[in-house]
Amino acid sequence: MGWAMAGYLIKRLAMSLLLVFLATSLAYVLASVTMKPRDNYLARNPPVPTSSIDGILNAVNQNDKTPVAKRYVTWINGVLHGNFGKTLTGQSINEEMGRRIGVSLRLLILGSIVGAVFGVLLGVWGALKQYKPSDRIATIFSFVMLATPVFVLATVLKYGAVQFNDVIGFKLIFFTGEVTPGLQTGTWGTLVNRFQHIILPTLAISLGEIALYSRYQRSAMLDVLGSDYLRTAQAKGLTRRQTFYKHGLRTALIPMTVWFAFAFGTLVVGATFTEKIFSWQGMGAWFIDSISAQDINVAAATTLFTAVLILFSTFLADAMRGFLDPRVRGNQ
Amino acid sequence: MSRWRLVWRRFKRNKSAIFGLVVIAALFIAAFLGPLVSKYSYDYIDANAFLKPPSPKHWFGTSQIGQDVFAQTMRGLQKSLIIGFLVGIISTGLAAIVGATAGYFGGVIERFNLFVISLLLVLPDFLIIAIVSPRIRGQSWLWLVILISLFSWMLTSMVVYNLTLSLKQREFVTAARFMGVRPFTVITRHILPNMASFLIIDTTLTVGGAILLESGLSYFGFGVQPPDISLGTLIAAGTGSALTYVWLFAFAGSILTILVLAVSLVGDGLRDAIDPQSEARAAL
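So the protein sequences, as listed, match chains C and Z.
1 is the number of the first residue of the first sequence in the working numbering; add one for each residue after it.
1001 is the number of the first residue of the second sequence in the working numbering; add one for each residue after it.
Bear in mind the hints are in silico, worked out from the structure with no lab data behind them.
Among these hints, one or two may not hold up.
Claimed, not checked - Facing chain Z, a subset of chain C residues (Cβ under 8 Å, in silico): (1) 23; (2) 155; (3) 162.
Ideal Cβ placement from N, Cα and C applies to all residues, glycine included.
For reference, chain C alone in the conformation it holds in the complex:
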């Protein structure tokens, strides 16, 4: 890739870190101003004395009597040393995060791979079959999927799975949690069981991605297919298949890197819904719960996780573009 590209990526990385820092700080301050952890204790019966509420809140650095600036300094100081503070119930956020990040990443990585691969394939296929019935069907599918909110899609999938399980007579597809609790079937059995659990959540987050990617890939592919250089490549003796893979697909993938970064943001939000609906104990579900529980530290930690993921995806998109497009390597 060369030094120019490496230098460019390092510069981008530094900028990304600054943005993560500022965005998370913004989220922390917003959360501190809007959330009232105290409310959780005020409605209790018998009433909790104010001094003990203060004690509880002070212990987790979420007391609204402490100025926001002071709480922020304590919090950011911890974060910079790798300590995300404590939940309202006094648990360590770091420990809980270790478990939950794994859950979320399994879903997100599988979802984005399935979404990108099948989206690109569907788009290329649609471009090759332009205006034929199969292309029309793919187009209608994409439009409907792009208009369907994840929480509606997830519920419909669940409904479909129940019907499907009824028809085949046993429970093939699961839709609660990551794995059946108390399962004792050895490594292989557990893997199969996990797969049975992950099918529906993956579909729920990736169908929309497939639709999005396929639309852009189709249009990029059509532009390339009509280009002069592809005709030239064929004229110099390459077969249609060779020109297609070597010159066509590679060029048509370049604009997709921009959409990859954009689509990843929607994927993260989609995963938040999916985790909640399919009872996966991931970062997204934790974020939703933290808003309801008015837990500032958890909301901030989950937001930080999201910001890191999104910037990592733009970084990855840049690197992919550099890899695919020689002009980027030359210019930067």
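Given the structure of chain C, go ahead and fit chain Z onto it with the hints provided.
Chain Z only, in chain C's frame:
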């Protein structure tokens, strides 16, 4: 006006766009006139009909406590429509102001605006609004419109910024500047009208996005608050029983999907009609 007549003629030829327009009109009529036709008000409780499936009496069935699902769905649709269209207009306006001032003035304003854009793009709009949502609990739903608008203009703004940069070089803009026209007037009279087509298309697309965002927030209780209803709160209430009492979920869910689909078909048709050479024409 002949240009817009041409646009309309092209738009009319696009069957799916006309279909979308008809659907949106039908949903508007149903949402605002439907409750007048229906016998039941959205907050009426029919003590003789709990969890009854759709029937001539209750068109969409009844809920656990005997509310008419049709009246409720129409009420929710009203909210979703109003919020979607308001956000579309406000957010595009905001995007136009931020993007055009950044591109036109350059310098510190440009750097500041671009920085704010990239900072807000790091966090998904859903997350920020959810974090701020405890503040608007118990307040008017108009606050939700403001919140969604505040966090959904950034991508549009980037396009406006780039368009402004190229428009700034054009003779009519330099002419206006050298004649001593005030910057604000140059932006509103000469720059923004020249990207009207983009702004119109974008408003439509933002409407669809805003409806989805609003319903998603309301689904988790971060958006429209009771006693107000939106399609999102209805779907949330129906999801738990979606497997057994399908009508509690299916009507609100499919109307939401159809609405967003229709809006995106119209946006797509507008893009084809206004800008037939657009590069993005084939996509989306």
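Hints, one by one, checked against the model:
no., hint, result
1, 23, "holds, 4 Å"
2, 155, "holds, 5 Å"
3, 162, "holds, 6 Å"
Going through the hint list in order, the structure satisfies each hint without exception.
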